[in-house]
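J.: One letter stands for each residue in the lines below.
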Amino acid sequence: MATPQAVIDTSELDQLRIPLRTQLWRLVRKQPLGAAGAFIVIIMSLAAIFANVITSYNPVANDLASMLQSPEANHWMGTDEFGRDILTRVIYGARTALSIGLTAAFLGATGGLVLGVASAYFGGIFDLITQRIVDVLMAFPLIIMALAVVATLGPGAQNVIIAITIPFIPTCARVVRSSALAIREIPYVDAARALGFSHARIILRHMVPNVMAPYLIMLSTFVGQAILLEAVLSYLGMGVQDPTPAWGLMLKGGAEEFLESAPWVSIFPGLAISFAVFGFNLFGDAMRDVLDPKMRRD
Amino acid sequence: MSAQIRESRDKSVGKGETLLEVRNLKKYFAVTEGVVRRRAIGNVKAVDGVSFTIARGEILGLVGESGCGKTTTGRCILQLETPTSGEIVFEGVNLEKLDQKAMVAWRQKIQVIFQDPYSSLNPRMKVGEILGEPMRVHRVEPNAAKRRQRIAELLTVCGLPAKFADRYPHEMSGGQRQRVGIARALCLNPDFIICDEAVSALDVSIQAQVINLLEDLREEFNLTYLFIAHDLSVVHHLCNRVAVMYLGRMVELAESDELFDNPMHPYTQALLSAVPVPDPTVEAQRSHQVPKGEVPSPINPPSGCVFHPRCPLAVDSCRAQVPEFRELKPGHWVACPRV
Amino acid sequence: EKGGILNFVVAGETPSYDAHRETTYAAVHPYAPFYSVLIRVNPKNPQSPTDIVCDLCKGKWKVADEGKTYTFKIRDDVKFHDGTPLTAKDIVATFNKIIFPPEGVPSARKTFFKMVESVSAPDDYTVVFKLKFPSGAFLPAVAAPYNYVYSKKDLDTHGYNWHTDHINGTGPFIFVQHQPGAFVEGKKNPNYHHKGQPYLDGFKAIIAKKMSVRIQAIRGNRAAIEFRGFPPKARDDLVAALGDKVTVQESDWNCVLIATPNHKRKPFDDARVRRALSLGMDRWGGSAYLSRIAIVKTVGGVVFPNHPLAANKQELQQLAGYWPDLEKSRAEAKKLLAEAGASNLTVDYNNRDVDQPYKVVSTWLIDQWTKIGVTTKQTVRPTPAFYATLRKSHEYDVSIDFNCQSIVNPIADVSKYLCGAGNNYSQCEDPKLGEMYDNLLRTGDVKGQRAIIRQYERRALDEQAHEIITLWWYKINPHRSYVKGWKIAPSHYLNQQLDNVWLDKKLM
Amino acid sequence: MYAYVVKRLFLMIPTLFGAALLVFFLMRLLPGDPCEIRMAGTGQYADPEAIAICQKDLGLDKPRIVQFGGFIGGYFTGDLGVSMWTHQPIAYEIGLRFKLSLQLAIMTTMVAVALALPLGIISAVKQDTWIDYAVRTFSIAGIAIPSFWLGIMIILGLLIVTQAWLGEGWMPPINYVSPFKDPWGNFTQLIWPAVATGYRYSAVATRMTRSAMLEVLREDYIRTARAKGLVEKLIINRHALKNALLPVVTLIAIEFAFLIGGLVVTEQVFNLNGLGKLFVDAVGNQDFTLVQQLVMLVVLIFVATNLVVDVLYAWLDPRIRYA
Amino acid sequence: MAKLLEIENLRTQFFTADGVVRAVDDVTYDVNEGETVALVGESGCGKSVSALSILRLIPWPPGRIVGGSIRFLGKDLLQLSDPEIRRVRGHQIAMVFQEPMTSLNPVLTIGLQLTETMQYHLGMSNEQAEKRAVELLRMVGIADGERRLQQYPHHFSGGMRQRVMIALALSCEPKLIIADEPTTALDVTIQAQILQLMKDLSNRMGVALMIITHNLGVVARYADRVNVMYAGKIVEEGTAEQIYHSPKHPYTIGLLASVPRMDQHRGRRLVPIEGQPPDLTKLDNGCAYRPRCRWAFDRCAQAIPPLEHVGDGQMSACFRKHELGDDVKAAS
Ligand SMILES: Nc1ncnc2c1ncn2[C@@H]1O[C@H](COP(=O)(O)OP(=O)(O)OP(=O)(O)O)[C@@H](O)[C@H]1O
Ligand SMILES: Nc1ncnc2c1ncn2[C@@H]1O[C@H](COP(=O)(O)OP(=O)(O)OP(=O)(O)O)[C@@H](O)[C@H]1O
Ligand SMILES: [Mg+2]
Ligand SMILES: [Mg+2]
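Chains as they are written, first to last, in this note's numbering: chain A, 1 to 298; chain B, 1 to 339; chain C, 1 to 508; chain D, 1 to 323; chain E, 1 to 332.
To be clear, the hints were calculated from the coordinates, so they are not data collected in a lab. Be aware that one or more of the hints could be misleading.
[Claimed, not checked] Between beta-carbon pairs, the in silico distance windows are: (1) L204(A) / D128(D): 55 to 61 Å; (2) V104(B) / H245(E): 52 to 58 Å; (3) Q149(B) / D128(D): 46 to 52 Å; (4) T162(D) / G196(C): 35 to 41 Å; (5) K101(B) / Q264(E): 44 to 50 Å; (6) D348(C) / D128(D): 55 to 61 Å; (7) T22(A) / D82(E): 36 to 42 Å.
[What the hints assert, rightly or not] EDC-like mimics (lysine to aspartate or glutamate), calculated; alpha carbons at most 16 Å apart, straight line: (8) K26(B) / E87(B); (9) K30(A) / E36(D); (10) K114(C) / D128(D); (11) K392(C) / E36(D); (12) K56(D) / E103(C); (13) K30(A) / D289(A); (14) K110(C) / E49(D); (15) K245(C) / D57(D); (16) K484(C) / D244(C); (17) K371(C) / E395(C); (18) K313(C) / D282(C); (19) K30(A) / D18(E); (20) K68(C) / E117(C); (21) K371(C) / D63(A); (22) K233(D) / D82(E); (23) K199(E) / E283(B); (24) K30(A) / D132(D); (25) K89(C) / D123(C).
This one's a predicted model, so the numbers in the text were calculated from it and none came from an experiment. Where is the CB? At the ideal position from N, CA and C, for every residue including glycine.
Extracted from the complex, chain A is given alone in its bound form (with noise of 0.2 Å):
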């Protein structure tokens, strides 16, 4: 018996492989918003990473001659009361919001990709418990959770870390475990348990990388989220302490007090959180647009 005549003819599928610089080309196109959010996040990790490269001044060194100056040549952004300049500490302010963020988000994300995927997979006793325990979580007041972690194990940026991830920690669970429990009834899952695969592999190779469109949309969200809720924290005199570089923490005290003289102390802070804040969930967003496939279109 002859094996099937003839074999397809594949040459305009080759041409889906389209090279690289097109397709970005095409992302920006089609999202020119997210474009835009990934420029910002770029400039932002640059500033960041070389933040000393960039900029001359020390960031907590007081300057008692330039107390308060407003923006002119020297000092883009002016100083702020201890002299420091405004700029440079919103620069390096980059860096602790930029390494919280990122920190919380992966944690945040991943830990309640873990319980999200065990409790749609494993149901029964054990998801009835981790959704219990997330709806007390999720119903938690956010401040009261960083106040105990910060009075309990100190202030500092690890501690606004594990404060700002344990409210990720449920959320991310709780989408996680959606789309879990949506695949579990997807056909190549089944087709997983009919070629006689463990549990394990079945979760680890079937499920989990299915459900990473989610994971990565959230993850993208909380950077933004985090950099956020640091911002805020800080501001309440709970997060990051002086005299650390951050911006939540600039807006505090002064900034507010001489808010009429002296406005480019508190304005320009707040523009970096929300440029920050807008870039990611710029970022987020196209993200959502590119992998949520509800919203694409095919």
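Add chains B, C, D and E with the ligands to chain A, keeping to what the hints say.
T.: Here is chains B, C, D and E with the ligands on its own, set in the frame of chain A:
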């Protein structure tokens, strides 16, 4: 292949050794309602006492309207669902009695091809991985180089260029994906394949390609199919025997030609007349007696014969008594007392 | 001019109205106007620490028995807001509550009255305090603004906790309402015993915890004054924005920020290291600089700078860290550190999460220390955690601490530096310093006291450097110019009865 | 439906209990207690005796489990306890601030909805035009701008503008007046914080409206409506909006539950005597009992809102029915 | 028979990031009054787009009608103003869509969805419209109309919903009903019921019917005339008889050969059309079917074969249309 050869082969199969036997299979689902918090409102009798056998090498067609339990039957055989009751005997061994290890071995003998070529392949895996993974896990082909060669063979057998091993599913058309699905079903050298609407989602021209492929593979690998479909023309074309299901029950089972030439159950008759034939001249001559009404819900199926509310022959007793599934002619089983 | 309502802002809110048991000034600003006290700092001359005058008493009190008996004549024209006339019995009951509270009744300043043996009322208009030993700290303790006089009848009928949420005083204003978290309101007492007063129809004390809100309240004329103190920059801003609509009163402030080394931690058990930390500070330069941004200004020793017992500039400049030659001072600091084997010292610094002046001064301090090669790892803690660290866990090398008193009373105030004092958190041990203090207590004449305090100061701040004084606070009260009659005092606890405050309608 | 609601009410219990457990022990983890803070006033000697009296008074000397029992037991006797700081009944303390926070929350929601619906709809209808991009930028900015900073900037703006126009810096009133007594004064005080928080809230709602609307506009029944020849306005208002509103209403309700948290910072900036400020103050004072009850209130509002949302959903969407 | 609808050189394109999709590319055909015309072709060949183009329901962006004319009762629909085209939609030309499950608005009652069109187009009062709606429901076989009007779509099964859609289409007594795969999502027996119903009603009311489908059986059973579409073009046109018995285009021949037929002997092996349908963004200046065509020769790559008569009203767009006859027999 000439028509004669096919026909003689048709005669020979079905008489051979029994590969699979399904005895009085039942599968009830607890149905829940409410989007926010679900609650049980009753049972769906998705499959309600279905029995049949499949001989090695034959193609059994399973037809019926949407929701009548075809897929569920298939999934029970695959052990993707645990049957509520009933037995599934494969090569003389009752599956319920299998231990974990034997189960894994058994899994390799029976495979499935799904309807939807889009969702039945893991989008994150390349075709090569999709096909290679089972061979690696079950140590069918532990050697990586040989495995690659085997993947290439499988792809060629299924009518795809070997270089498709490097493709992701989304880089392929529906027909091509379905071929990958078929290749995956073949990669563990199974004896038995359940095709659940394996061609329904494909366009006419592509569908014909895949039907031919399935036929050829059966020849080459001596496969047995349970071919689930709702398109009667396809079933007619492909299957040796055909079983007709209605609301979880089997209403008629016969050799293909017998069933299509001489349908006995009123539901089968209606079903056949509802299917249009692509020929206006033939159509002009056919009687178009379409059953009235709609398929009732399997949650509250009608009493007695489930078809009686739509049946032109129904009498009072049909309401009360569940009809017996009896063999009216050799090999022709019908669940209707009125024929 | 009479009439009008005075709106002022208060940064805090007291947990209860009973100032006898509270320690916060927030129990004073909104509530002092409802009460009278036996004696008080002269509202017309609050700057003077020794000008203490009668409020409920008449004339001048008599001191007898070599300073062991104080007799006060009580006014007979005073009525409580509920109509009850005030007699000496009320005053006795009040001071008994403060000095000899029954079991389970807290009294925050009981220890200030260690010298008192008894309080009695030989007749309805005489009060006699009998002391165990004569003490210069007695009168200031009595004059403390917290010692609101309650009615004996209230204490007898309602018990000792009644005043935590009820108000019945004899003060210039009658309590109208308190909206927790929002404001306290009072109206004029027409029967006030200082005739013709108060001038105001009433007042409203608006609670605003954030400094910026308080500044903006005055900026936007939602309030006329704040009695605690604003940073200098805020003053400048207000003056710049409001011109002569705002008047500024300024004063040295009887509060001081202290860097407290933890003597139980190495190498801070080494006096050389502690001295080096003090030597590393440019106090004179810091004064000029910080006084522009923080509520600190004055360089001083252990005694409130303007007091006769305080060190003058020349004397100060003898102390380590107060030298006029900064270079020399820093060189010495580095040398000492090297000698102590602590050249690359890292200080674990405990700070309080309050901007003014803690964080501002600490930021400066840390910067100063870098100049002598000391690195500082600062931990800023919210107030509760800060105090838990300072007082209980002692998990710090150096902590910020402060001393802040109402009536200027150096003999009592300098006990802060005494090792083993309840409010000394350095964990130091220094019997010699204790001896000096005992000496001081027994010395009657001012000159002798002054000499002993100089010794004491030298030992505490220089030789042993048990504590490192940074700068004394500086009180700045910019207020709407139409507020008249209020005079700034060296403490934000003092002169808050508002009975002589009036509003100049022409300027409103 | 009734049975469903009752069942849901029972399901709240474990969540509430978990939250109670969490907040109780979290608070006890903190160093220090309300008595120590109380005696910290002047940095003077904190009399251990006074502290001990205070602790005894507040029951802080009792074993934790007894304290926890008292906390939970209070719910059965209907007694929420007294604040450890002011000794006032907690119900009274909360009641005092509730009005303001509620009014602010409602105004914020009104600001948000008034912005979100029209913007979200127009942006969906004009998808991928400059209007859409402008709206999206505006709404993403709303999510990015910290509301406390926006509050600060609003104050700055008010000062600058009024200084320029009136010659005198104008600040919003500093004390809450009931809207029934002085509606204008009340409005001038609360509108700014409502805008500062409402912007963010509206941004979230705008995005939701937009995406819900986009999804609905892609639905087949919209094409059916067009094929019927209906005018576009009717299609949007009758056919699309009602479907799109479902998720939006849900989101608005859930965000409303989160508002209490969001107001914490805004109330700080504008010195509003609401629950958020009470919360921060209580935390600062380590007023354990008050913090506990406030957290429980927030959690309760959250779970109750979730229930209300589900019921609302069922009510709005004819497809969902609970027996 | 009078011409009801004349479509000439219609071109509809989608401007996507991946290029221009030429979904409908120079399509010309007519529909006569009262007749049933079928449009067949594989998925994605442009059937729906050509139907939607008639009522100008192509969503912009990304789609747009870029050329041609659509004359309906003498008026060019493409020239009408927006209010004018709305008076045609649902009133003179009605549509029935493929997915009965999603084509009705889930949150509005059946009654409202039925009556709003009549109120809008015919100016009926609420009561009149409701009375008529009950009548319409009875006509499509739904009893108990008054109660049914209060219900929501989810109370109806798929077949019932499609009946409602038909009632909706009939409500303003249109001249033409376009049914885009009206039964694909339904069960076989229900499919037959619905199609029969449509056919009967259109006969009775003299409405022209345009059925879009890829089921060749349906076409054979119900259509008077058939248009076969491939890659955005009509490749063959004729009566049902002509198309099934003497197809004149390789694609039609291929289609017929590739469907399994119940009425024929089972032994027949299917002859599939090999390859894939083309990508509509990458059409060149030749016959789009040529890569899959057995008869293709050089000329097919050089020019697009025009749709031309092959006699007796049948038309084919193939250069070799006259040579095809014998092969058909061989193939089937
Ligand atoms: N997991 C499940 N839970 C509840 N009900 C189910 C489940 N799976 C199937 N059913 C119900 O069982 C019945 C039979 O379903 P099944 O999928 O076997 O039908 P089918 O004949 O394959 O239909 P189709 O042609 O639509 O695929 C249906 O009514 C279906 O709703
Ligand atoms: N909104 C759109 N954007 C981009 N391309 C589109 C859009 N709508 C349709 N198309 C393209 O237009 C072509 C024709 O589509 P159409 O829906 O008319 O096909 P069809 O013949 O109706 O197919 P089916 O049988 O699947 O319904 C397809 O290639 C499709 O990809
Ligand atoms: Mg199925
Ligand atoms: Mg279509």
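J.: Each hint: holds or not?
T.: How the hints compare with the structure:
Taking 55 to 61 Å as the suggested C-beta distance range, the pair L204(A) and D128(D) does not conform, at roughly 39 Å. The hinted window of 52 to 58 Å between V104(B) and H245(E) holds, with their beta carbons roughly 56 Å apart. Checked against the given bound of 46 to 52 Å, the beta carbons of Q149(B) and D128(D), roughly 49 Å apart, stay inside it. Between T162(D) and G196(C), the C-beta spacing of about 39 Å keeps the proposed range 35 to 41 Å intact.
Checked against the hint of 44 to 50 Å, the pair K101(B) and Q264(E) passes, with Cβ atoms roughly 48 Å apart. Under the hint 55 to 61 Å, the C-beta atoms of D348(C) and D128(D), about 57 Å apart, fit the expected range. The supplied range of 36 to 42 Å is met by T22(A) and D82(E), whose beta-carbon atoms lie about 38 Å from each other. Proposed proximity of K26(B) and E87(B) is supported: the alpha carbons are some 9 Å apart, at most 16 Å.
With a CA separation close to 60 Å, the supplied pair K30(A) and E36(D) exceeds the 16 Å bound. Proximity of K114(C) to D128(D) is assessed by CA-CA distance (about 81 Å); at most 16 Å being required, the pair is judged violated. Between K392(C) and E36(D) the alpha-carbon distance is near 11 Å, which keeps this suggested pair within the 16 Å criterion. With a C-alpha separation of about 12 Å, the suggested pairing of K56(D) with E103(C) holds against the 16 Å cut-off.
Between K30(A) and D289(A), the direct Cα distance comes to roughly 10 Å. Compliance with the 16 Å bound is thereby established for this hinted pair. Only pairs whose Cα atoms come within 16 Å are accepted, and K110(C) paired with E49(D) is accepted, the gap being roughly 10 Å. The hinted pair formed by K245(C) and D57(D) fails the criterion: a straight-line CA distance of about 48 Å is larger than 16 Å. Taking the CA atoms of K484(C) and D244(C), the gap is near 14 Å; set against the 16 Å cutoff, the hint holds.
At roughly 25 Å between alpha-carbon atoms, K371(C) and E395(C) are farther apart than 16 Å, so this suggested pair is violated. This hinted pair checks out: K313(C) and D282(C) have alpha carbons roughly 15 Å apart, not beyond 16 Å. Between the alpha carbons of K30(A) and D18(E) the distance comes to roughly 10 Å, so the proposed pair stays at or under 16 Å and holds. About 9 Å separates the Cα atoms of K68(C) and E117(C), which keeps this hinted pair within 16 Å; it holds.
Our distance criterion of 16 Å between C-alpha atoms is met by K371(C) and D63(A), whose separation comes to about 13 Å. Between K233(D) and D82(E), the direct Cα distance comes to roughly 13 Å. Compliance with the 16 Å bound is thereby established for this hinted pair. For the hint linking K199(E) to E283(B), the alpha-carbon distance of about 14 Å falls within 16 Å, and the restraint holds. With a C-alpha separation of about 14 Å, the suggested pair K30(A) and D132(D) falls inside the 16 Å cut-off, and the hint holds.
The suggested pairing of K89(C) with D123(C) holds, with an alpha-carbon distance near 8 Å, which does not exceed 16 Å.
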